[in-house]
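Asks: Chains as they are written, first to last, in our numbering: chain A, 902 to 1228; chain B, 15 to 348.
Check before you lean on any hint, since a few could be wrong.
Claimed, not checked - Cβ pair distances, simulated, as ranges: (1) Pro1089(A) - Pro265(B): 28 to 36 Å; (2) Asn175(B) - Gly993(A): 56 to 64 Å; (3) Arg906(A) - Pro339(B): 51 to 59 Å; (4) Lys1107(A) - His171(B): 27 to 35 Å; (5) Glu236(B) - Lys924(A): 35 to 43 Å; (6) Asp997(A) - Glu333(B): 32 to 40 Å; (7) Gly953(A) - Glu18(B): 49 to 57 Å; (8) Ile179(B) - Asp925(A): 40 to 48 Å; (9) Gly92(B) - Leu979(A): 52 to 60 Å; (10) Gly151(B) - Pro1199(A): 40 to 48 Å; (11) Lys924(A) - Pro265(B): 24 to 32 Å; (12) Arg1170(A) - Asp75(B): 37 to 45 Å.
To be verified - Among chain A residues calculated to face chain B with C-beta under 7 Å, some are: (13) Asp934; (14) Pro961; (15) Ala965.
The hints are simulated quantities; they were obtained by calculation from the structure and are not laboratory data.
Glycine is no exception: its CB is placed at the ideal position from the N, C-alpha and C atoms.
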Amino acid sequence: MAMVREITFAQAINEALDYEMSKDEKVIIMGEDVGRYGGIFGATAGLYEKYGPERVRDTPISEAGFIGAAIGAAATGLLRPVVELMFIDFLGVTFDQIFNQAAKMRYMFGGKAKIPMVLRTTCGAGFAAAAQHSQSLHALFIHVPGLKVIMPSTPYDAKGLLIASIEDDDPVVFIEHKGLYGIKGPVPEEPYSIPLGEADIKKEGKDVTIVATAAMVHKALEAAKKLKEEGISVEVVDPRTLVPLDVDTIVNSIKKTGRLVVVDEGYPRCSFATDIAAIAASKAFEYLKAPVKLVTPPATPIPFSPALEKEWIPSAEKIEKAVKEIL
Amino acid sequence: MPVEEIPKETLLWMYETMVRIRLHEERVAELFAQGKVPGFVHLYSGEEAIAAGVMAHLRKDDFITSTHRGHGHYIAKGGDIKASMAELFGKKTGSCKGKGGSMHIADLDVGELGANGIVGGGIPHAVGAALGIKLNGLESVAVAFFGDGAANQGTFHESLNLASIWKLPVVFVCENNQYQISLPAKEHTNVKDIAERAKAYGIPGVAVDGQDVLAVYEVAKEAIERARRGEGPTLIEVKTYRFRGHFEGDPQVYRSKEEIKWWKENKDPIKIFEKILLEKGIFTKEELEKVWEKARKEIEGAVKFAEESPWPTKEDLTEDVFSTPTKGVLVWQW
Ligand SMILES: Cc1ncc(C[n+]2csc(CCOP(=O)(O)OP(=O)(O)O)c2C)c(N)n1
Ligand SMILES: [Mg+2]
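Build out the structure end to end from the sequences listed, making use of the hints.
Replies: Below is the structure:
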């Protein structure tokens, strides 16, 4: 078999956007610095040059305006906008458009509307970017019915899931962890689509299930590697899509191992982690041999100082410790 | 405004302030390159005349709100450079105990209500400060600083409207450095002068050359005095240029080296001011050189303080989330 070439997570996103734009004239990109600059993290590099300023639109700092416009354009069926919110933290200035407008239109209109838009945004701490540029707010989107929420952890998943998201007829929030843009992995050159709602078992194991998302998948794998040296076999499940959620894969893994650790970079309460713990409690209770362990940051804003930030972010060591506590 | 009409000590203060800001910013750039100052760092070099010209009229009991590009505002409002330098390093002795960093520099003791990581996030806070001033019968004013990019955020428009209907003692200072990161102002705004937007809210709007501290001083004087007299808000647009990248590490693909060079050579606010001060014989070359010397010493002292300061510890992480202790667990940890 020929070796699949390796590209970065950012390049994988770029390829998915490029493919969709070349295939469908209705796909346009809007956002701050997505054009000439190629996106603050480089994800839209070269697209402005290739598709021009009409289809790759640099916007003013008016997030409620341009994200609302993307929703309106999608509702008409005239466009399939991919709109970039530079940091997930800026959600605050545009949340009405997302949770009262995009998420509810189809239902309120009795199933008559389709909202084929993708909101791409970035999350994640670890860069001393402080309290307003480091958050992982996926739980807010999961909470509101009507939004699909995607959070890939590898370049391969990023490309396939973004293609599927752009081709999907519902509003999709596509969350890219800033710490992943530079990681490399095998990605086929040809376009492919990964169905929304399918988890991926990133590593098989039999003693403990770890459910983790985005950058935390890599920390979980790091912990799993260390634990393997001590004879502990960890299964790492990456849901990849948080809505729709592949409950079966998660529950089946818990049934197999009897133990669950959830690792998440979101705030600890009313979170993705508590959600998975609740699913385990209600769907796999009789299989659990130990309490469910959650590894999350504390309920504080994200501190600037690297000395504090490293304590705030869940680490591989904390994951290892959690696993050992329930063995 | 003719330089002769401005008190000599005010002129000196403005010159000192601009020099302190410039040296501070250029030193922080070095520290960033050395990896000592982490995170996102947006520097104010080239825009110093705005902070100096406006703050020359403010007192300690006046309030300002700032932006991600906030070091200059902090320094001009009287913030302690030692504390802010330690903050930029992420040290425990920092003005925010290492929790805020460059984008959240704040000193509430001198009325500096904070830099802001959210573009347009601070503008309504100045309106609120002004409301508090009015309802408490105080003589203070509030000044909101923000960029050209922020003038397209809803908070800008909502704030101008609120301040105008309530006739609040607030001055809006739009620092138009002609770019919103990579996007030139003419591509994000359809009016020639952002100051024109004042018309929509029935308040005065003035555009002024931000490289000329005397011009900024004059326009700010009128607006701030007007606000103090209880006659309501003003929108000032200051045309300026940032000498460095949007943030440190910005490759600046969106503008030419020639353009940057032209501004640095012809429109450096410190050089322009210096020329006037010397030509009019207000200060001697030696007197001005002393200002630089003193500022350099002050900044090196701050760097030393920051370097020698301790890091915050794990215990500090969960402090400062709330001010009032209550029953029950407030700061949850699994
Ligand atoms: C709500 C929000 N949107 C986007 C950003 C990202 N961002 C940070 S600074 C900036 C440009 C600001 O331009 P301007 O207001 O002109 O200020 P300048 O940086 O030029 O001083 C942008 C888009 C942000 N911090 N907050
Ligand atoms: Mg600007």
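Asks: Take the hints in turn and mark each one as holding or not.
Replies: Going through the hints against the structure:
For the pair proline 1089(A) and proline 265(B), the supplied restraint of 28 to 36 Å holds, since their beta-carbon distance comes to about 31 Å. Distance hint for asparagine 175(B) and glycine 993(A): a CB-CB separation of about 20 Å, inconsistent with the stated range 56 to 64 Å. Checking the proposed 51 to 59 Å range against arginine 906(A) and proline 339(B) shows it holds: the Cβ atoms sit about 57 Å from each other. Judged by the Cβ atoms, the range 27 to 35 Å given for lysine 1107(A) and histidine 171(B) is violated: they are separated by roughly 59 Å.
Separated by about 58 Å at the C-beta atoms, glutamate 236(B) and lysine 924(A) break the suggested range of 35 to 43 Å. Between aspartate 997(A) and glutamate 333(B) the Cβ separation comes to about 33 Å, which falls inside the hinted range of 32 to 40 Å. For glycine 953(A) and glutamate 18(B), the Cβ-Cβ distance of about 55 Å falls inside the hinted range of 49 to 57 Å, so the restraint holds. Between isoleucine 179(B) and aspartate 925(A) the beta carbon distance is about 47 Å. The supplied range of 40 to 48 Å therefore holds.
A hinted range of 52 to 60 Å holds for the C-beta pair glycine 92(B) and leucine 979(A), which are about 54 Å apart. For the pair glycine 151(B) and proline 1199(A), the beta carbons lie near 43 Å from each other, so the given range of 40 to 48 Å is met. Between lysine 924(A) and proline 265(B) the beta carbons are some 31 Å apart, a value that agrees with the proposed interval 24 to 32 Å. The beta-carbon spacing between arginine 1170(A) and aspartate 75(B), approximately 40 Å, falls within the hinted interval of 37 to 45 Å.
Among the interface hints, the one on aspartate 934(A) holds; its C-beta lies about 5 Å from the nearest C-beta in chain B, closer than the 7 Å criterion. Of the supplied interface hints, the one on proline 961(A) holds, with its beta-carbon coming within about 4 Å of a beta-carbon of chain B, less than 7 Å. Hint status for alanine 965(A) relative to chain B: holds, with the closest Cβ pair at about 6 Å, below 7 Å.
Of the numbered hints listed earlier, those contradicted by the structure are 2, 4, 5.
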